[in-house]
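Student: Order-wise, the sequence lines are chains V and U. Residues 1 to 129 in my numbering are what the first sequence spells out, letter by letter. Residues 130 to 365 in my numbering are what the second sequence spells out, letter by letter.
Wrong hints could be hidden among the right ones.
Stated by the list, open to error - Derived lysine-lysine pairs resembling DSS-like cross-links, with alpha carbons at most 30 angstroms apart: (1) K120/V to K163/U; (2) K106/V to K200/U; (3) K343/U to K192/U; (4) K347/U to K138/U; (5) K163/U to K53/V; (6) K192/U to K243/U; (7) K138/U to K209/U; (8) K138/U to K201/U; (9) K209/U to K243/U; (10) K138/U to K243/U; (11) K53/V to K347/U; (12) K201/U to K306/U; (13) K200/U to K347/U; (14) K243/U to K53/V; (15) K243/U to K163/U; (16) K201/U to K243/U; (17) K201/U to K347/U; (18) K53/V to K306/U; (19) K106/V to K306/U; (20) K351/U to K53/V; (21) K192/U to K347/U.
Please keep in mind that the hints were generated in silico from the structure rather than gathered at the bench.
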Amino acid sequence: MNASTKNDTSAENGEHRVDLTPIPLLETIRAHGRVWGDLAAQYGVTNPDPPWKVNLEATCDGLSAEACALPLLERRQEEDELSASLYADVPFPERQLLALAHSMIKRGLVDEGELARRMKQVHERLTSV
Amino acid sequence: MSDKPHEHKPAPMVDEVSDFEALEIAVRELAIEKGLFSAEDHRRWTEYVHTLGPLPAARLVAKAWLDPEYKKLAVTDGVKASLEVGVDWINSPPTGFGTPSDYCNLRVLEDTPKLKHVVVCTLCSCYPRPILGQSPEWYRTPNYRRRLVRWPRQVLAEFGLQLPPDIEIRVADSNQKTRYMVMPTRPAGTEGWSEEQLAEIVTRDCLIGVAVPKPGVKANAKRPVHPAVHPVHHDH
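Chain U extracted, bound-state conformation (with noise of 0.2 angstroms):
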C-alpha cells in the first residue's frame, strides 16, 4: 500500500443552472402534475433511456461473424437473436410491449461484397433503440433523410463511404412496425479475434450503414449537421 496520501481530483462539472435545464425540469413536472404521465411512468422511462447504447448490436454482429448458424438466426429472426445479447425487444420496454417508437420488429441486414445496406427513417427518426440506443442528430435531420434515398452513394461518399459504382446500395426506410440494423461483412485484418475484439470495431455509423468495420477504427466520426434547402415539407 502506498503511503502517498490519495489526491483525488474530483471530475469537471458544471456549476450553474441553465434556462434550458429549468425549462425540461418544469415541462417534466408540469406533465406529471397534469397527469400526463405520472412520475413512475417516468421514472420507469428514463431508466429504460439509461439502459440503451449500441454495444448489444455490435455484439450481435461480431457473434453472428464468429457463428455462422447464429449468423442465420439473426438475418431470419432478429428480435430473437437480440436475445441472446441481452436485448429483449418485446418484454424490455416499459410498456411491456414494445414502445410506440421501439415496434418490435427487427431485420437484421446482411451486407455482401457487392451489396451495402444503410438505414433511414424518411418519416421521422424511428431507429433500432432497444439494441443500438440512442439516434445521433443527423439521423434525425430532414437533409439526411430526404437525401439519402434519393442519393444516396452521394451520401455516403459525403460520410467518407466511397463505394465503386459495382456495389448495390440497398437504403432500408424505418417504419412505427419495423426497424432495421446493418450486418457488415467482416473486414480483412480480423482473423483469429475474439467477440469482444470485433464488437469494437462494429461502431453505431457501421450498424446504421454509413461506416465499414476498420481494424483500429472504434469511434464514430464527427459528423456535420446540414440544414435542408426545403426543410418543411411532409408530402406523406
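If we strip away everything but chain V, and leave its shape as in the complex, we get (with noise of 0.2 angstroms):
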C-alpha cells in the first residue's frame, strides 16, 4: 500500500495520532539519503547497525525522560503510522530516525529550516579534513 493511499484510508477514519504531510527536507533525505544497508555493503562492514544508532536510542530517552518534550507513548504511537505510511519504503532504524525528526518538526521542537541549516553544517564540519 502506498503512502498517499494509507492516508486517504486513515483520514476517513479520522484516526491521525500525526500530521501525515509530508516535510521536503525529509522527503529529499527518504529518496536520496544513503541508509547503512547500502553503506555497509559497498564499504564492506559488518556492523548490522549504523554508529549513530546508540545516539538515536539515547536522544529518544532523553526527549522522554528530561523535559518530558517528546513522550515516549506518543512518539512511538508516530513512529507507528509514519512507518506504516510515509516513511514506509525506509528500512530501520533509518525510519525510526525519520519518524523522530517529522515528530519534532510536526510540534514544532524544531523547525525544518533550522534543521537543514543545522545538517548542512555538520556535513561540512564532518567533511572539512
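Starting from the two chains in their separate frames, assemble the complex, guided by the hints.
Tutor: What follows is the structure, encoded as C-alpha cells:
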C-alpha cells in the first residue's frame, strides 16, 4: 500500500496521531539518503547497525525522560503511523530517525529550516579535513 | 617473538557522511541547544545504552538452570535476581529510578514441558532493556504485536517454533510498569555444562520466547519483517 492510499484511508477514519503531510527536507532524505545497509555493503562493514543508532536511542530517551518534550508512547505511536505510511519504504533504524524528526518538526520542537541549515553545517564539519 | 613485520589491516569503515548520520547529529544538537535535554544527559543515556545487551538475561537463565534456589528467586523476584547478574533495575538507568521506558518490575516467566511463554508489547515496544538490550526490529512491528496475541501458535510457527497442540502458549503483554523475560526449559544434551556454556545457547529470541535453546545454536536466526495490513489503528 502506498503512502497516499494509506493516508486517504486513515483520514476517512480520522485516526491520525500525527500530521502525515510530507516534510520536504525529510522527503529529500528519504528519497536520496544512503541507508546503512547499502553503505555497509559498499565498504565491507559487518556491523548490522549504523554507529549513530545508539545516539538516536539516547536522544529518544532524553526527550522522554528529561524535560518530557516528546513522551515515549506518543513518539512510538507516531513512529508506527509514519512507518506504515510516509516512510514505509525506508529500513530501520533510518525510519525511526525520520519519524522522530517528523514528530519534532510537527510539534514545533525544531524548525525544518534550522534543521536543514544544521545538517549542512554538520556535513561541512565532518568532511572538512 | 616473530621477526615478521606486523600486518595490521585496519577494519573496514564507512568513509562517507550520509544524510541520515547528519540528520541524527543535527536533531541531537538542536535538542540540546533548545534545552530539551542537556549534553550531559545525552552522554549518560548513550553510555547506558552502550552497556545493554542480552548477556545478563542469558546468564540469569543459565544460573537458574544450575541452582534451584536461584531459580526460585528469579521467578519470585526478578529484580533481585537480576542483581546477581550485574543488573540493577532501579539504580543503573541514568534517572536513578528506572526509566520511563524501562520500569523497575521484571517478571521472569518459567516455561515447563507443557507451558510456553512468549513476550510482546501490543501497545508500543516495551522491552526489558536493562537485562536484554535493544529490542529487535520485528518485535517493534505492528504485525508481530497484533498477530501474536491473536494467533500465537501460528506466529511462533513462522519463527520456526512449531509446538504440539498439548503445549499451552501464554502470551505476556509488556507495559509501562512490568517487563517480562522468558526462562525456557533446559534442553537435553546439556548435562554437565557450565553456566557459561549454557548461557551461550540462551539467545535473545529464546528470552523473548520465539525460540527455544538448542545445543549448538548460539545466534538468532534472521527474521523477516512483515508490514501490517491495517497498521495505523491504536484502539486503546
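Student: Determine for every hint whether it applies to the structure shown.
Tutor: Right, here's what the structure says about each hint:
Among the hinted pairs, K120/V with K163/U is consistent with the structure: their alpha-carbon atoms are about 19 angstroms apart, no more than 30 angstroms. Straight-line distance between C-alpha atoms of K106/V and K200/U comes to about 48 angstroms, which puts the hinted pair past the 30 angstroms bound. With a CA separation close to 17 angstroms, the supplied pair K343/U and K192/U stays within the 30 angstroms bound. Restraint check for K347/U and K138/U: the C-alpha separation of about 28 angstroms stays at or below 30 angstroms, so the hint holds.
Only pairs whose Cα atoms come within 30 angstroms are accepted, and K163/U paired with K53/V is accepted, the gap being roughly 22 angstroms. A C-alpha spacing of about 22 angstroms is found between K192/U and K243/U, which places the hinted pair at or below 30 angstroms, so the restraint holds. Restraint check: the Cα-Cα separation between K138/U and K209/U comes to about 45 angstroms, which exceeds 30 angstroms; the hinted pair is violated. This hinted pair does not check out: K138/U and K201/U have alpha carbons roughly 50 angstroms apart, beyond 30 angstroms.
Our distance criterion of 30 angstroms between C-alpha atoms is met by K209/U and K243/U, whose separation comes to about 27 angstroms. Restraint check for K138/U and K243/U: not satisfied, since their Cα atoms lie roughly 52 angstroms apart, outside the 30 angstroms limit. About 24 angstroms separates the Cα atoms of K53/V and K347/U, which keeps this hinted pair within 30 angstroms; it holds. About 22 angstroms separates the Cα atoms of K201/U and K306/U, which keeps this hinted pair within 30 angstroms; it holds.
About 22 angstroms separates the Cα atoms of K200/U and K347/U, which keeps this hinted pair within 30 angstroms; it holds. For a cut-off of 30 angstroms, the pair hint linking K243/U to K53/V is broken: about 39 angstroms separates their Cα positions. For the hint pairing K243/U with K163/U, the CA-to-CA distance comes to about 54 angstroms; that exceeds 30 angstroms, so the pair is violated. The suggested pairing of K201/U with K243/U holds, with an alpha-carbon distance near 19 angstroms, which does not exceed 30 angstroms.
At roughly 26 angstroms between alpha-carbon atoms, K201/U and K347/U fall within 30 angstroms of each other, so this suggested pair holds. For a cut-off of 30 angstroms, the pair hint linking K53/V to K306/U stands: about 25 angstroms separates their Cα positions. Between K106/V and K306/U, the direct Cα distance comes to roughly 29 angstroms. Compliance with the 30 angstroms bound is thereby established for this hinted pair. Pair hint K351/U plus K53/V holds up; C-alpha atoms about 19 angstroms apart against a cutoff of 30 angstroms.
For the hint pairing K192/U with K347/U, the CA-to-CA distance comes to about 17 angstroms; that is within 30 angstroms, so the pair holds.
Violation of the numbered hints given earlier is confined to hints 2, 7, 8, 10, 14 and 15; the remaining hints are satisfied by the structure.
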